[in-house]
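Chemist: Each chain, letter by letter, is given below.
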Amino acid sequence: MKADKTLDCVGLYCPMPIVKTAAKFKELKPGEVLEVIADDKGIKQDMPAWCQTTGHEFLGMEEEGGEIKVYVKKTHP
Amino acid sequence: MAGEKDKLTIVMFSGDLDRALAGFTLATTAASMGMEVSMFFTYWGLNIIKKNEGKIRSKGLMRKMLNFMNRGGSKRLKLSRFNMFGLGTWMMKKLMKDVNYPSLDEMINMAQEMGVKLVPCSTTCNVMGISEEDTFREHIASLAGAAFFLNEARESKVTLFI
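Protein chains in written order, with our numbering: chain E, 870 to 946; chain D, 922 to 1083.
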């Protein structure tokens, strides 16, 4: 999947991937996609939940060799 | 009647390191989710937001003794279990550092940067004889009482007692 920006959260545990995602989202324009790479399995549940609360769009995830790539689209400022 | 907002209100009653970490994990996450967050510190929970350096002044022998034994500060807190005279707490801090987990002090700073409001309870401060100006870390909200907390809580969707 194509992304406009990437955020490396490998080695970080909850709540850091979500905290960093929220901070990074401030740099994105509406319509842009952020790729978050993490190895804490919690992100598989946490990122869809974060999207549900904030209203941004969860596009999906890919998993390979312990690394989870999550794609989130900014839908509003 | 005030409506419910996307707001989290937490009472931080305990001064245990593990409970404080749990509280600040939820507070920073909620702030990341766009929620408004208030944390009320009462009884032993006040130790979490006490300054780490310098003396904490109080008047009277009993209060002086209390504040000496109950010094507090985010870097002095202990685990609620397996403290083992400090060894357990030291080990847990080391394990967390090894996996780049933020320290409690870093978590508190992070929460403050994200706009989490930290409110000390006025009654416990009065009973323990500690003053607002002299006791706490920087950028703490003004002292407040139970009515202020309840007013925040009744308009919050999530309220926790830790």
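Just so you know, the hints here were simulated from the structure itself, not pulled from any lab data. Certain hints may be false.
Pairs of lysine-lysine, BS3-like flavour, derived with a Cα cap of 30 Å [unchecked claim]:
no.: 1; chain 1: E; residue 1: Lys910; chain 2: D; residue 2: Lys1018
no.: 2; chain 1: E; residue 1: Lys910; chain 2: D; residue 2: Lys972
no.: 3; chain 1: E; residue 1: Lys938; chain 2: E; residue 2: Lys898
no.: 4; chain 1: D; residue 1: Lys928; chain 2: E; residue 2: Lys895
no.: 5; chain 1: D; residue 1: Lys926; chain 2: D; residue 2: Lys976
no.: 6; chain 1: E; residue 1: Lys889; chain 2: D; residue 2: Lys999
no.: 7; chain 1: E; residue 1: Lys913; chain 2: D; residue 2: Lys1015
no.: 8; chain 1: E; residue 1: Lys893; chain 2: D; residue 2: Lys976
no.: 9; chain 1: D; residue 1: Lys980; chain 2: E; residue 2: Lys913
no.: 10; chain 1: D; residue 1: Lys976; chain 2: E; residue 2: Lys913
no.: 11; chain 1: E; residue 1: Lys871; chain 2: E; residue 2: Lys893
no.: 12; chain 1: D; residue 1: Lys1038; chain 2: E; residue 2: Lys898
no.: 13; chain 1: D; residue 1: Lys999; chain 2: E; residue 2: Lys895
no.: 14; chain 1: E; residue 1: Lys910; chain 2: D; residue 2: Lys976
no.: 15; chain 1: D; residue 1: Lys996; chain 2: E; residue 2: Lys893
no.: 16; chain 1: E; residue 1: Lys942; chain 2: D; residue 2: Lys976
no.: 17; chain 1: E; residue 1: Lys889; chain 2: D; residue 2: Lys1038
no.: 18; chain 1: E; residue 1: Lys893; chain 2: D; residue 2: Lys1014
no.: 19; chain 1: D; residue 1: Lys1018; chain 2: E; residue 2: Lys938
no.: 20; chain 1: D; residue 1: Lys928; chain 2: E; residue 2: Lys942
no.: 21; chain 1: E; residue 1: Lys895; chain 2: D; residue 2: Lys976
no.: 22; chain 1: D; residue 1: Lys1018; chain 2: D; residue 2: Lys985
Chemist: The structure should be examined with respect to each hint, and the outcome stated for every one.
Modeler: Verification of the supplied hints:
{"no.": "1", "hint": "Lys910/E with Lys1018/D", "in the structure": "holds (20 Å)"}
{"no.": "2", "hint": "Lys910/E with Lys972/D", "in the structure": "violated (35 Å)"}
{"no.": "3", "hint": "Lys938/E with Lys898/E", "in the structure": "holds (20 Å)"}
{"no.": "4", "hint": "Lys928/D with Lys895/E", "in the structure": "holds (20 Å)"}
{"no.": "5", "hint": "Lys926/D with Lys976/D", "in the structure": "violated (39 Å)"}
{"no.": "6", "hint": "Lys889/E with Lys999/D", "in the structure": "holds (28 Å)"}
{"no.": "7", "hint": "Lys913/E with Lys1015/D", "in the structure": "holds (27 Å)"}
{"no.": "8", "hint": "Lys893/E with Lys976/D", "in the structure": "violated (39 Å)"}
{"no.": "9", "hint": "Lys980/D with Lys913/E", "in the structure": "violated (53 Å)"}
{"no.": "10", "hint": "Lys976/D with Lys913/E", "in the structure": "violated (46 Å)"}
{"no.": "11", "hint": "Lys871/E with Lys893/E", "in the structure": "holds (17 Å)"}
{"no.": "12", "hint": "Lys1038/D with Lys898/E", "in the structure": "holds (28 Å)"}
{"no.": "13", "hint": "Lys999/D with Lys895/E", "in the structure": "violated (36 Å)"}
{"no.": "14", "hint": "Lys910/E with Lys976/D", "in the structure": "violated (43 Å)"}
{"no.": "15", "hint": "Lys996/D with Lys893/E", "in the structure": "holds (29 Å)"}
{"no.": "16", "hint": "Lys942/E with Lys976/D", "in the structure": "violated (49 Å)"}
{"no.": "17", "hint": "Lys889/E with Lys1038/D", "in the structure": "holds (20 Å)"}
{"no.": "18", "hint": "Lys893/E with Lys1014/D", "in the structure": "holds (28 Å)"}
{"no.": "19", "hint": "Lys1018/D with Lys938/E", "in the structure": "holds (25 Å)"}
{"no.": "20", "hint": "Lys928/D with Lys942/E", "in the structure": "holds (24 Å)"}
{"no.": "21", "hint": "Lys895/E with Lys976/D", "in the structure": "violated (40 Å)"}
{"no.": "22", "hint": "Lys1018/D with Lys985/D", "in the structure": "violated (34 Å)"}
Hint violations for this structure: numbers 2, 5, 8, 9, 10, 13, 14, 16, 21, 22, all remaining hints satisfied.
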